[in-house]
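Visitor: Sequence:
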Amino acid sequence: MNDSLFVSLDRLLLEFVFQYEQDISTKEEMIQRINKCCEDIKENKVTICRIHETINATDEEIDHYCKHSEEIKDNCRNWKPTCDVFRK
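Here the sequence shown stands for residues 2 to 89, numbered as in this note's numbering.
Derived by calculation from the structure, the hints in this document are not laboratory data. A couple of the hints might just be wrong.
FRET-style restraints, in silico, Cβ to Cβ [stated by the list, open to error]: (1) 53 to 20: 43 to 53 Å; (2) 55 to 26: 41 to 51 Å; (3) 21 to 58: 54 to 64 Å; (4) 23 to 49: 58 to 68 Å; (5) 3 to 37: 35 to 45 Å; (6) 33 to 55: 30 to 40 Å; (7) 37 to 68: 38 to 48 Å; (8) 41 to 64: 33 to 43 Å; (9) 19 to 51: 25 to 35 Å; (10) 32 to 12: 22 to 32 Å; (11) 41 to 62: 29 to 39 Å.
Since the structure is predicted, the reported quantities are computational estimates derived from the model, not experimental observations. Glycine is no exception: its CB is placed at the ideal position from the N, C-alpha and C atoms.
Based on the provided sequences and hints, a complete structural model is requested.
Guide: Given below as structure tokens:
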């Protein structure tokens, strides 16, 4: 009986050790995945910041060209009556 008990305890201990090693391996894999995800998030944040800067620059350009277009329209409106006077 004593031998049987030791054999059972030995098997149980072996199972615990095996499970412990699997858990450690799984934990290390999860840590690596988390670190990779953190790196990806940082890269994505940098990319998003660049995109925001590009959008802001484009918005400023659009505003500039809209103002320029309005100025041209105003100049055309101002010259039209003058042109009519010259024709008559």
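Visitor: Any hints from earlier that this structure breaks? Give me their numbers in increasing order, please.
Guide: 4, 5, 9
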